[in-house]
Amino acid sequence: MPPLELDLFGVAISEWVDGRDEPEIYERDDGYFCEGDGAEAYLAPVRQWYDAERMALRFVRGRVLDVGCGAGRVSLELQRRGVDVVGLDVSQRVVDAARRNGVQNVVAASVLDVGDDLASFDTMMLYGNNFGMLGTIPATRRWLRRWASVARDDAVILAVSTSPYFGGAPCVTRDYFLRNRAAGRPPGQLSYRYHFNGFVGPWSKWLFVSPTDMAAVIAGTGWRMAEVIRPSRSEPYVATLVRDVT
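For the sequence shown, this note's numbering gives the first residue as 400, with consecutive numbering after it.
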């Protein structure tokens, strides 16, 4: 199948929705390989989610934007609860797969394309470690500033990340975060490329941050951290980010 700019994540999501289960493989920029979580994670029902993600659902209110929706596990659960939710993913293949998986309202667009329409949402969900989807601190800060300029004053972001320091962040081992730190890079900045079904994708970056790191990243962007739900140091946590209107 591939090309379409080697959207291997889109290919993987599409195949998982259609019942196949080959896992994705990540190659790090130092030659280290690790296996991803595969279909089991991306299609997981709510009872199989990480504790923090389940617990944070109590903060969902109003109209919801599910950013980086993937196969739609979050959107489907919110639909089941009667929530008005819109899934968003940059990959058209992912969007098509999410629709086949039952997501009723899903659009193909980059998070950077979300402009004034953000004011129509009460809750923005960055589940699946999607706080770090832009890969660098400057890009993440620019995005959050843009959102602060258009979001309503009572909007909330449910931002998920995993600390790189306790062995839970995908592919981020102790030697890797120490190497990053020594090079002056954020410890949890992962440079990787995706392998799936014999194809190899382009190099990309993802950012994993601890709660303390996240607070530093968002400082001065128009958002502040109100609460952190973190039952385990090695698993993903959820930070509730609210407008800093003081």
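Note that these hints are calculated values from the structure, not bench results. Keep in mind that the hints are not guaranteed to be accurate.
With a straight-line Cα cutoff of 25 angstroms, these simulated SDA-like cross-link-like pairs (lysine to any residue) come out [claimed, not checked]: (1) Lys604 - Tyr564; (2) Lys604 - Ala438; (3) Lys604 - Arg578.
Outcome of the hint check:
1. For the given pair, Lys604 sits about 18 angstroms from Tyr564 by alpha-carbon distance, which is consistent with the 25 angstroms threshold.
2. Distance hint between Lys604 and Ala438 is fulfilled; the C-alpha atoms sit about 22 angstroms from each other, no more than 25 angstroms.
3. Between Lys604 and Arg578 the CA atoms are separated by roughly 16 angstroms; this keeps the pair inside 25 angstroms, and the hint holds.
Consistency with the previously given hints is maintained throughout, with no hint failing.
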